[in-house]
Amino acid sequence: MLLGAFNAFLVTLVSMVIGVPIGLLLALMRISERPRLKMFALVYIEVWRAVPFIVEIFLVFFILPPLLNQWFRFDITAFQTMVFGSTLWTSANSAEVFRGAIKSIPFGQSEAAVSLGMNYVQRFRHVILPQAFKITLPPMIGIFTLVLKGTAIGFIIDFREVIRMGQIAIERLYMQERTLASLEIYTIIMLIYFFMCYPLSQLSLYLERKLSRSKSKK
Amino acid sequence: MDPSQPRPKVMTFNFQAIVEALPQLGEGLLNTLYLTFSGILLSSALGLICSVLRISKNIVIRTLLAIYVEFFRNTPIVAQIFYLYFVLPTVGIKISAFNCGLIALVLHFNAYNIDVFRSGLEAVPAGMVEAGKALGLNNFQRLIFIVMPIALRVCLPALVNNYVAVLKNTAYVSIIGVMELTFVAGAIVADDFTFMEMYSTISLLYILLVFGLTWTLRLVEKRYAIEL
Chain A
28 MLLGAFNAFL VTLVSMVIGV PIGLLLALMR ISERPRLKMF ALVYIEVWRA VPFIVEIFLV
88 FFILPPLLNQ WFRFDITAFQ TMVFGSTLWT SANSAEVFRG AIKSIPFGQS EAAVSLGMNY
148 VQRFRHVILP QAFKITLPPM IGIFTLVLKG TAIGFIIDFR EVIRMGQIAI ERLYMQERTL
208 ASLEIYTIIM LIYFFMCYPL SQLSLYLERK LSRSKSKK
Chain W
19 MDPSQPRPKV MTFNFQAIVE ALPQLGEGLL NTLYLTFSGI LLSSALGLIC SVLRISKNIV
79 IRTLLAIYVE FFRNTPIVAQ IFYLYFVLPT VGIKISAFNC GLIALVLHFN AYNIDVFRSG
139 LEAVPAGMVE AGKALGLNNF QRLIFIVMPI ALRVCLPALV NNYVAVLKNT AYVSIIGVME
199 LTFVAGAIVA DDFTFMEMYS TISLLYILLV FGLTWTLRLV EKRYAIEL
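As you go down the protein sequences, you meet chains A and W in turn.
Using our numbering, you'd call the opening residue of the first sequence number 28 and step up by one each time.
Using our numbering, you'd call the opening residue of the second sequence number 19 and step up by one each time.
Source of the hints: derived by calculation from the structure; they are not laboratory data.
Ideal placement from N, C-alpha and C gives every residue a C-beta, glycine not left out.
Take the hints with a grain of salt, since some may be wrong.
Pairwise CB distance ranges (calculated) [unchecked claim]:
hint: 1; chain 1: W; residue 1: Pro175; chain 2: A; residue 2: Leu234; range: 28 to 36 Å
hint: 2; chain 1: W; residue 1: Leu246; chain 2: A; residue 2: Leu200; range: 51 to 59 Å
hint: 3; chain 1: W; residue 1: Glu38; chain 2: A; residue 2: Gln149; range: 53 to 61 Å
hint: 4; chain 1: A; residue 1: Gln158; chain 2: W; residue 2: Leu153; range: 43 to 51 Å
hint: 5; chain 1: W; residue 1: Ala149; chain 2: A; residue 2: Glu235; range: 27 to 35 Å
hint: 6; chain 1: W; residue 1: Val238; chain 2: A; residue 2: Ile195; range: 27 to 35 Å
hint: 7; chain 1: A; residue 1: Gln149; chain 2: W; residue 2: Asn117; range: 55 to 63 Å
Please model the entire structure based on the sequences and the hints provided.
In C-alpha cells form, the structure reads like this:
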C-alpha cells in the first residue's frame with residue numbers, strides 16, 4: 028500500500044509540474060485585454076473548476092483512450108489518465124490562485140514599472156511575478172494537498188493508489204479466510220493519507236506565517 | 019473491414035439517448051440537490067456549535083475538536099466515505115448508503131466549517147465583546163447578539179466557497195451507490211455505453227448547478243458580508 032502512496036504522490040507531482048505553468052499562462056490570458064484570449068481562459072477555468080473532480084476523471088477516462096486509439100497509439104495507462112485529469116484540474120485552480128495573487132499586488136508597483144520604461148513582458152517578469160509568486164506558495168501547497176487527496180478516486184479506473192491497493196489486499200486476505208481485515212486496512216488507508224497531507228498543511232501554515240512576517244517588516 | 023488499416027472508431031453523438039435518459043437524470047439531480055442542501059444545513063448547524071466549542075476554555079474539548087478537524091481535513095473524502103460505509107457494519111451499525119454518504123459529507127464539511135466559523139469568531143473585535151460584558155450580558159447573550167452577527171458576516175465568502183464545494187463533493191458519494199447524478203449517469207453508461215453523451219450532459223448540469231448556487235449565494239453575500 029505504500030507503493031500506492033508513492034504512485035499517488037507521483038501523479039500529484041507530475042500534474043503540478045505540468046499544471047502550474049499552464050495555470051500561470053491561463054491566468055495571464057485571463058487578465059489580458061485581448062477578448063479572445065480572455066474568453067478562452069475564462070471558459071476553461073470556470074468549466075474545470077465547476078465540474079467535480081470525479082466527473083472530470085470519468086470524462087477523461089472515457090473520451091481520451093478512444094481518441095488516442097483512433098489517432099495515435101493504442102493504450103494509455105490509468106496513471107497517464109490520472110495525470111491528464113489532474114493536470115486539467117490543477118491548471119484551472121492554479122490559474123485562479125495566480126490571478127488572485129497578481130491582483131493583490133498594489134497597482135503602484137505596476138505604475139512604477141511603467142514609469143521606468145518597462146513594457147508588458149518586462150513588467151511581469153521583473154516586478155509583478157516575483158512578488159506574486161511568494162504569495163501563491165501557501166495556496167499552491169493547498170492545491171497539492173487537494174490533488175493528492177483527489178488521486179484517491181483513481182481506484183475506479185484501477186489506478187494503483189492507496190485505496191485500490193487496500194482493496195486488493197482485502198481481497199487477498201479474504202481468500203486466505205481472514206475476514207474482518209477491512210477495518211484495519213481502511214484505518215491504515217486513512218492514516219497513510221493523513222500522514223501524507225498533514226505535514227503539507229503544516230508547511231503551508233508555516234509559509235503563511237513567514238510571509239506575513241516578512242511583509243510586516245517592510 | 020480492411021485488415022491492413024486499423025478500423026476507425028466513429029465517435030457519434032446521440033442526442034436521442036440524452037432525451038431518453040432525462041427522467042432518470044432528473045431523479046438523480048433531485049437526489050444530488052437533496053444531498054447538497056441537507057449537507058449544507060447540517061454541516062453548518064453542527065459547525066456553528068462545534069466552532070464555539072473549539073474556542074472554549076476547556077482544553078480537552080479544544081484538543082479533541084482540533085484532532086477531529088485536522089483528521090477530516092487531511093484525508094480524502096473518498097477514504098472517509100469508504101470507511102463509514104465498509105467499517106461501520108462490521109462494528110454493528112447498519113446505515114443505508116444514502117445516509118452514509120450524507121453523514122460522510124456532513125462530517126467532512128463540518129471540519130472545514132469549524133475552521134471557517136472559528137476564524138469568523140476570532141475576527142470579532144475584542145472591544146465589542148468587552149462592551150457586551152460592560153452592558154451586563156452573560157456569555158450566551160453576548161454570543162447571540164454581538165458575536166454571531168459579526169462573525170457570520172465576516173466569514174461569508176469562505177463559507178460560500180465551502181457550500182459550493184459541498185455541491186461538487188456530492189459526486190463522490192456515487193461510489194457507494196447513492197442514486198445521485200454521477201451514479202445515475204454511470205448506470206446508464208453501463209447499460210448502453212453512451213458515455214460521451216451522458217458524461218458531457220452531467221458535466222453541463224454540474225456547471226449549471228455550480229453557477230446557479232454561486233450566483234444565489236453571491237447575492238446573499240453582497241447584501242450581508244462585511245469586511246473587518
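Evaluated hints:
no.	hint	in the structure
1	W:Pro175 - A:Leu234: 28 to 36 Å	22 Å, violated
2	W:Leu246 - A:Leu200: 51 to 59 Å	54 Å, holds
3	W:Glu38 - A:Gln149: 53 to 61 Å	57 Å, holds
4	A:Gln158 - W:Leu153: 43 to 51 Å	45 Å, holds
5	W:Ala149 - A:Glu235: 27 to 35 Å	31 Å, holds
6	W:Val238 - A:Ile195: 27 to 35 Å	46 Å, violated
7	A:Gln149 - W:Asn117: 55 to 63 Å	59 Å, holds
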